[in-house]
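Engineer: Each chain, letter by letter, is given below.
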Amino acid sequence: MIREIETQLAAIERELSSLGTAVVDKLRRSQLQRDRQELEAAAAGDLSPADRVYLARHPGRPNIDDYTAALFQELFEQRGDRQCADDRSIWAGIGLFHGRPVTVVGHSKGKGLEENVARNFGMPNPEGYRKALRAMEQAEKFGRPIITFVDTPGAYPGLEAEARGQGEAIARLLMRMSALTVPVIAVVIGEGGSGGALALSVANTVIMLENAVYSVLSPEGFASILWKDSSRMEEACGVMKLTARDLLELGVADRILPEPSGGAHRDPQAVFRALDGLLWSRLRQLEGLTGSQLAAARYEKFRGMGTVLCPSER
Amino acid sequence: MNPFLQRKEQLFSLERRNRRSRQTAAPRQVPDNLFVQCPGCGKGFSRLALASNLYVCPGCGRHFKVSAYYRLSLVLDSGSFEELNRGLVSNDPLDFPGYGAKLEAARRVTGLTEGVITAVGRIGGMPAAVAALDSRFLMGSMGVAVGEKITRLIEHATQNRLPLVIFSASGGARMQEGILSLMQMAKTSAALQRHSQAGLLYISVMTDPTTGGVTASFASLGDIAIAEPGALIGFAGPRVIQQTIGQTLPEGFQSAEYLQEHGFLDAIVPRGQLRAVLVRLLRLHGRRAEA
Numbered sequence: 001m002i003r004e005i006e007t008q009l010a011a012i013e014r015e016l017s018s019l020g021t022a023v024v025d026k027l028r029r030s031q032l033q034r035d036r037q038e039l040e041a042a043a044a045g046d047l048s049p050a051d052r053v054y055l056a057r058h059p060g061r062p063n064i065d066d067y068t069a070a071l072f073q074e075l076f077e078q079r080g081d082r083q084c085a086d087d088r089s090i091w092a093g094i095g096l097f098h099g100r101p102v103t104v105v106g107h108s109k110g111k112g113l114e115e116n117v118a119r120n121f122g123m124p125n126p127e128g129y130r131k132a133l134r135a136m137e138q139a140e141k142f143g144r145p146i147i148t149f150v151d152t153p154g155a156y157p158g159l160e161a162e163a164r165g166q167g168e169a170i171a172r173l174l175m176r177m178s179a180l181t182v183p184v185i186a187v188v189i190g191e192g193g194s195g196g197a198l199a200l201s202v203a204n205t206v207i208m209l210e211n212a213v214y215s216v217l218s219p220e221g222f223a224s225i226l227w228k229d230s231s232r233m234e235e236a237c238g239v240m241k242l243t244a245r246d247l248l249e250l251g252v253a254d255r256i257l258p259e260p261s262g263g264a265h266r267d268p269q270a271v272f273r274a275l276d277g278l279l280w281s282r283l284r285q286l287e288g289l290t291g292s293q294l295a296a297a298r299y300e301k302f303r304g305m306g307t308v309l310c311p312s313e314r
Numbered sequence: 001m002n003p004f005l006q007r008k009e010q011l012f013s014l015e016r017r018n019r020r021s022r023q024t025a026a027p028r029q030v031p032d033n034l035f036v037q038c039p040g041c042g043k044g045f046s047r048l049a050l051a052s053n054l055y056v057c058p059g060c061g062r063h064f065k066v067s068a069y070y071r072l073s074l075v076l077d078s079g080s081f082e083e084l085n086r087g088l089v090s091n092d093p094l095d096f097p098g099y100g101a102k103l104e105a106a107r108r109v110t111g112l113t114e115g116v117i118t119a120v121g122r123i124g125g126m127p128a129a130v131a132a133l134d135s136r137f138l139m140g141s142m143g144v145a146v147g148e149k150i151t152r153l154i155e156h157a158t159q160n161r162l163p164l165v166i167f168s169a170s171g172g173a174r175m176q177e178g179i180l181s182l183m184q185m186a187k188t189s190a191a192l193q194r195h196s197q198a199g200l201l202y203i204s205v206m207t208d209p210t211t212g213g214v215t216a217s218f219a220s221l222g223d224i225a226i227a228e229p230g231a232l233i234g235f236a237g238p239r240v241i242q243q244t245i246g247q248t249l250p251e252g253f254q255s256a257e258y259l260q261e262h263g264f265l266d267a268i269v270p271r272g273q274l275r276a277v278l279v280r281l282l283r284l285h286g287r288r289a290e291a
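Keeping their order, the protein sequence lines are chains A and B. Mapping the first sequence onto the working numbering, position 109 (from 1) lands on 109, and the numbers just tick up by one. Mapping the second sequence onto the working numbering, position 218 (from 1) lands on 218, and the numbers just tick up by one.
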């Protein structure tokens, strides 16, 4: 639904910019402006899970480059896994957040086809996860808090990725992140797809943007596995419980950051300001804990995922 | 509890399970007839010949999938098996359509309540915490209950300073439990981190197939990584990779042998030698400085 609204809005904008000052044009303009208001109201209404998947993947949606530029100063990018390669689909670096050094790690999709391709559409190879681990272990060494940005369709399912141990790279990161003695905050800004997203999300606090999604697998992959039909993607979105609100209820997300109506790309500055405030308050709370308390709190958070029943022994 | 009563209870439950499986279906890993044709070499064998060879093809050495109880019976000292958290199940957290019926069917066919068995026992006289996933139970997929049973086992091992052996056989995260299945990867890995920090040994044994979220969590985190010959081991499934790269995959891709060549396995051990290798490894890690 949101997709059609966006198309109509774009058409209205085009027509508005082509109108002159003649009386008919003025009449048309006020008509179009009324239409635009109605459409925007519709876009602000209840979004279906599939709408949110669409917004989470929107090409205009702010990505890690936008967030790092808006939130941190004196950025220094750290590249390479020190073993064999530099994976451009993971960004890692150091910057100042409210005057204090933090380590920033996140999935990087880039904007426009050329950047998308160079960064493999945000789908990391093992080298990306090993770079992330290197940056995080360094953060721990220097006592820097870690902020991660999650935005990936999933880890890259490629031949070389397998040869170089995709599973091992993710597993190692999950294991080590659980015991880090510095504050870790994860922000799901777009798509949180599968183990590739979880690998950067073993955090003390998981923040999700209102229209971000986070799921065990992409809806297409889910439909393909369960129903052998990837075109039933919208149906999959409906049953997967992948929206921020679902994940808050399931205890996977801790906080939801509201977005402007129509999505984060409609007013990125407002999103940056709100996220800045939320990150700062969470960080100050976490900094009140000792290293071992931080690790213990993170352990307990993930230890409690899911409920089990123990019916009478069979 | 009175050990005699407990023993009696165990015997009765075994008997109940046997009766149930006789009523419904025979084990699924081999066709339910007298002769089995090996999909590897095409030769036919009697079921008895295959079973007495530990479900390894006498012709070509192909390792058939086996059930979790059978798997543990091959490595544990007889009489030492003590199951933990049996009967533990998850609720259906997403109210997923049709999931309840699927679970019931899997329970009927396998006689298991969930896709993993966890236990403590002895291997060559040495105590160990062990788990075996069962690929007949919804592809051995990891949902909340599987993740919880494994995590409890690891925590039990950490508290009691036990070495840990996990036999993986899984298609990955259980789709029907959605994001909470994914979280089990973090949960089990975190528990292993504590086990490791306590200076304890974890041996991961990957059997056919070990893929997806299980590969990307506990299966890949062993101090010692072992696999059975020919086992399929990988993160993404071959079909997905083939679609991604648009070309046919090389022969033997994602086999245990391929993984060893790329540096991810210490050893490939045939089923018949597995127990002996585990005994040796436990012995090599058994005597610490205080001895």
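Hints are supplied without guarantee of correctness; some may be wrong.
[Stated by the list, open to error] DSSO-like mimics (lysine-lysine), calculated; alpha carbons at most 30 Å apart, straight line:
no.	chain 1	residue 1	chain 2	residue 2
1	B	Lys8	A	Lys228
2	B	Lys8	B	Lys43
3	B	Lys65	A	Lys228
4	B	Lys102	B	Lys65
[What the hints assert, rightly or not] Now the stretches of chain A that chain B is said to cover, found in silico as 3 or more residues with beta-carbon under 8 Å:
no.	region
5	72-83
6	232-243
7	258-267
8	273-283
Worth flagging that the hints you see were computed from the coordinates, not collected in a lab. Bear in mind that the values here come from a model prediction, so they are computed numbers and not experimental data. In this text, a Cβ means the ideal position worked out from N, Cα and C, and glycines have one as well.
Engineer: Check whether three or more residues of the region 72-83 of chain A sit with their beta carbon closer than 8 Å to a beta carbon of chain B.
Structural biologist: Check failed, 0 qualifying residues.
Engineer: Taking 30 Å as the top limit, are the C-alpha atoms of lysine 8 of chain B and lysine 228 of chain A close enough?
Structural biologist: 46 Å, violated
Engineer: Within the region 232-243 of chain A, is the number of residues with a Cβ closer than 8 Å to a Cβ of chain B three or more?
Structural biologist: Holds: 4 residues of the region 232-243 of chain A have a Cβ under 8 Å from chain B.
Engineer: Do the alpha carbons of lysine 102 of chain B and lysine 65 of chain B lie within 30 Å of each other, as the hint requires?
Structural biologist: It holds: about 21 Å lies between the C-alpha atoms, which stays within 30 Å.
Engineer: Does the region 273-283 of chain A contain three or more residues whose Cβ lies closer than 8 Å to a Cβ of chain B?
Structural biologist: violated (count 0)
Engineer: Going straight from one Cα to the other, do lysine 8 of chain B and lysine 43 of chain B come out at no more than 30 Å?
Structural biologist: Since the Cα atoms of lysine 8 of chain B and lysine 43 of chain B sit roughly 43 Å apart, the hinted pair is violated (cutoff 30 Å).
Engineer: Keeping to a limit of 30 Å between CA atoms, is the pair of lysine 65 of chain B and lysine 228 of chain A held or broken?
Structural biologist: 24 Å, holds
Engineer: Using a Cβ cutoff of 8 Å, are there at least 3 residues of the region 258-267 of chain A near chain B, or does the coverage claim fail?
Structural biologist: violated (count 0)
The structure is inconsistent with the numbered hints 1, 2, 5, 7 and 8, although it conforms to all the rest.
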